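Following the hints, put chain B in place on chain A, whose structure we already have.
There are 2 protein chains.
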Amino acid sequence: MDNRIRNKGLAGKVCSAEEAANLIKDGMTVGTSGFTPSGYPKAVPLALADRVNRGEKVQITLLTGASVGDELDGALAKAGVIKKRLPYQTEKHIRDCINRGECQYIDMHLSHTPQYVRYGFLGKIDYAIVEAVAITEDGHIIPSTSVGNSPVFVEMAERVIVEINTSQPLDLEGIHDIYTPKNPPNREPIPISRPDDRIGTPYIPCGPEKIAAIVITDIRDNVRPLGPIDDVSRKISGHLIAFFEDEVKVGRLPRNLLPLQSGVGSVANAVLGGLVESRFENLYCYTEVIQDSMFDLIDAGKVLMASSTSITPSEEGLVRLYDNIEHYRKKIILRPQEISNNPEVARRLGVISMNTAMEVDIYGNVNSTHVMGTRMMNGIGGSGDFTRNALLSVFTTASTAKGGDISCIVPMVSHHDHTEHDVMVVVTEQGLADLRGASPVERARKIIQNCAHPQYRDMLTDYLERALHAQGKHTPHILNEALSWHQRFIETGTMKIK
Amino acid sequence: MDNRIRNKGLAGKVCSAEEAANLIKDGMTVGTSGFTPSGYPKAVPLALADRVNRGEKVQITLLTGASVGDELDGALAKAGVIKKRLPYQTEKHIRDCINRGECQYIDMHLSHTPQYVRYGFLGKIDYAIVEAVAITEDGHIIPSTSVGNSPVFVEMAERVIVEINTSQPLDLEGIHDIYTPKNPPNREPIPISRPDDRIGTPYIPCGPEKIAAIVITDIRDNVRPLGPIDDVSRKISGHLIAFFEDEVKVGRLPRNLLPLQSGVGSVANAVLGGLVESRFENLYCYTEVIQDSMFDLIDAGKVLMASSTSITPSEEGLVRLYDNIEHYRKKIILRPQEISNNPEVARRLGVISMNTAMEVDIYGNVNSTHVMGTRMMNGIGGSGDFTRNALLSVFTTASTAKGGDISCIVPMVSHHDHTEHDVMVVVTEQGLADLRGASPVERARKIIQNCAHPQYRDMLTDYLERALHAQGKHTPHILNEALSWHQRFIETGTMKIK
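First to last, the sequence lines map onto chains A and B.
All residue numbers for the first sequence refer to the working numbering, where the first residue is 933 and numbers rise by one.
All residue numbers for the second sequence refer to the working numbering, where the first residue is 933 and numbers rise by one.
Bound conformation, chain A alone (with noise of 0.2 Å):
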């Protein structure tokens, strides 16, 4: 434990994980580790739900840095624990709980959190807790599988409960660079250039004093298997570096492309996995979650450099990082996702962004979050950070979805994440819109002929026309029909006309 714990005047900080949580109120703000279920507190939540468990009245708001395990969403979630959440989560049972109105969430660009927190807009942050490797001899935080949002909720909580991850390698150590920008009306250029720069310190700034308690922990990450890549997935993977090679060819984009970032799950995961089989090479990403697949890119030496905020792969990739961290510290660089998702250096840089809608419409505004407008699925994530900023903005979906009864085109977003005026290029199995320089009409017709699905490409080029004819002629619509695709969802069953 010489290793973990290096400061030696924090030994008498070591403590259950009930004896920290006890240090947890009802009504306080809480601020933990954790980006996916990668790097974020398991004993000192288990614990406090299990204080609740036993009667005891504690709610809290919880903020993290984005979705985090079920040891910590889901049991407290189950323990009723939650009374407002933010900015991400993906956990089947707090997810229960905000759409049936019992836990207030605030669904927010994962850049915006650390800025919210570090200009008081959430108000005092109680306790931060945070997943480590080490503690430094200075009382400065080792992160292990994720950095997040720790760093800011380290510097603004009153006072910071460590948990020591055990079964987190020693290894991991100098895989992460942790920057912090001044507030304005003094903050300079974040230097970064390129995605391999490194500019901060290998360790979270704290100080031994501002630690309250220690708790010693082997509980593994939680983390999520992936899907098989699937034949929708392999489709729109090959429509996407088919056009990348179009861009190449007619010099939009260099021969080893620009920073890649992509998003979160199995389709994300595919559609960086084809590029393995690619012709790209000297690739970087600049993104915010790694997985498997870019260890395949890594090996591959495909990869020169991923720069991201979390590693989150399967519980296969886990054991081949573990395996092989070394290697792996080298290609890889681990950011606040205040740096990480920075609109600043995603400009900079000309990212490509590629994430994954649940529905498009024919104008080209993108749904990431809401299931028939009203129920919240996951959240928007880091999307907006890199889509708004992106030298190129990507969204992949499925054209359909519950077996061919939604059709992931529709004539308008239940809900709106994304705007007309930040999607550039939509991809679906069926193929590839390219919106640039489209007009809203234009841009209807290569959406309706391109990506939706030709079950689905009448009704749409028929609710079209008739809505060229209905008001004004630049985004045509029937108001009283718009949204009529979900409610017949919501009523019959399927979007389809019986």
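I should point out that these hints are in silico values taken from the structure, not numbers from a laboratory.
All values derive from a computational prediction rather than experimental measurement.
Warning: the hint list may mix true and false statements.
Any copy, or any two copies together, can satisfy a pair, since identical chains are not distinguished.
To be verified - Straight-line alpha carbon distances no greater than 30 Å define the calculated DSS-like cross-link-like pairs of lysine-lysine that follow:
#	residue 1	residue 2
1	LYS1234	LYS1114
2	LYS1428	LYS1263
3	LYS1428	LYS1405
4	LYS1334	LYS1405
5	LYS1142	LYS1181
6	LYS1016	LYS1181
7	LYS1428	LYS1016
8	LYS1114	LYS1263
9	LYS1378	LYS989
10	LYS1114	LYS1262
11	LYS1181	LYS1056
12	LYS989	LYS1024
13	LYS1167	LYS1378
14	LYS940	LYS1024
15	LYS945	LYS1262
16	LYS1142	LYS1234
17	LYS1167	LYS940
18	LYS1430	LYS1181
19	LYS1234	LYS1428
20	LYS1334	LYS940
Below, chain B without anything else, positioned relative to chain A:
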């Protein structure tokens, strides 16, 4: 004229507007100077319209900085010359063409256009037509009352036509600061850390060989009158200034605030004007347009420096500018819109953005562009560039329009330009809703209570309460009713239920 055309070799390029206009051929893409009715070319477009009105067929794609005056958008639209138009307009005839479907209009973030041009997303630019006060000895161009996209058009166009406008005083020389970022992957940080940093040249780099023709003209900027400061604007301004005072009191804003960005138009002018009477001083502005109230703020010693891409005063304001140009030149910097509207700089400086909404919904989504969801009014302009990256993003609107028949607070906006994720504060004459850290339902209650007109408050509450029992409770909506207020207005001329 020696002072206006300082490169001796260029004397032979001087020609009539008709001769210059003859260079523009059918099918060309033309990029012009101009941002608001300020600094746009006038003589050549009028001559081009004339040529077409005499029977010749010419249709072009017209790119500008933003809106321009009647001599460009109006004359060419009336003559049917504009086939495609971007990124912004405010002129009656071009707007009518757009809404009749005769002109394809791409409504873009104003910081996106220069990138689209430079990255080749819009194809070749055949001609740049740029208004100037002078051409330097080296053949570089000194712009007039706006910079807009002129630098990138001059850089990327095959040839350049310069309109020397003798109504624009030579004393404008030195007010401009022209900086051009490199393309990714070679882009470096934009070295602006304060609104008053000058980082470029006082001219647009061009060179004599690229100049195809020079036209001398004295047609003045066709500026628009500003509406009088009415009671609604005064109340909005009052709510906002009280809010700023509170933010300073609790330590979330410095005493001299942070750099202010303010949209275009009478309400925006009034909001900024309210600061003249306030206790705030030593202010900076980092914005895209300078209207009359900025002169008041400068004269009152309240604003130390205003950075912008355009000066667009009223007729009286223009006289005031010309009469005191030496004075204002020390307090104003005109930058390319790629810099004035740059997300990197906006986020670094911590801009306070204040833009005008057409309508806002109960969840904080904003429609800036479309009348009843289908008809284009003007465009998104720079509002998105600033809103998304502001430290504090504000939208203002009157609570009603059309004598009360339109509620500007609706269940769901009929077009989404700024999503719930980006809007922090909404202000109407009724009051102010601070949406920071509020979930959708919390936002709805604040907006209805604080911002909606009393006439519509009960109807909105009724919608919200019924929606809470419809589907998901995260963002409650009744899909077949969400846009019914707009439909009712179309059918009955009022959103009220008769």
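Against the structure, the hints:
no., hint, verdict
1, LYS1234 - LYS1114, "between (35 Å within a copy, 26 Å between copies)"
2, LYS1428 - LYS1263, "neither (48 Å within a copy, 61 Å between copies)"
3, LYS1428 - LYS1405, "both (26 Å within a copy, 26 Å between copies)"
4, LYS1334 - LYS1405, "between (33 Å within a copy, 22 Å between copies)"
5, LYS1142 - LYS1181, "between (55 Å within a copy, 28 Å between copies)"
6, LYS1016 - LYS1181, "between (50 Å within a copy, 26 Å between copies)"
7, LYS1428 - LYS1016, "neither (38 Å within a copy, 36 Å between copies)"
8, LYS1114 - LYS1263, "both (28 Å within a copy, 27 Å between copies)"
9, LYS1378 - LYS989, "between (55 Å within a copy, 28 Å between copies)"
10, LYS1114 - LYS1262, "both (28 Å within a copy, 29 Å between copies)"
11, LYS1181 - LYS1056, "between (53 Å within a copy, 16 Å between copies)"
12, LYS989 - LYS1024, "within (22 Å within a copy, 62 Å between copies)"
13, LYS1167 - LYS1378, "within (18 Å within a copy, 46 Å between copies)"
14, LYS940 - LYS1024, "neither (41 Å within a copy, 74 Å between copies)"
15, LYS945 - LYS1262, "neither (33 Å within a copy, 59 Å between copies)"
16, LYS1142 - LYS1234, "neither (43 Å within a copy, 42 Å between copies)"
17, LYS1167 - LYS940, "neither (56 Å within a copy, 61 Å between copies)"
18, LYS1430 - LYS1181, "neither (46 Å within a copy, 61 Å between copies)"
19, LYS1234 - LYS1428, "neither (44 Å within a copy, 61 Å between copies)"
20, LYS1334 - LYS940, "neither (57 Å within a copy, 72 Å between copies)"
In terms of the numbered hints stated before, the structure departs from hints 2, 7, 14, 15, 16, 17, 18, 19 and 20, listed from lowest to highest.
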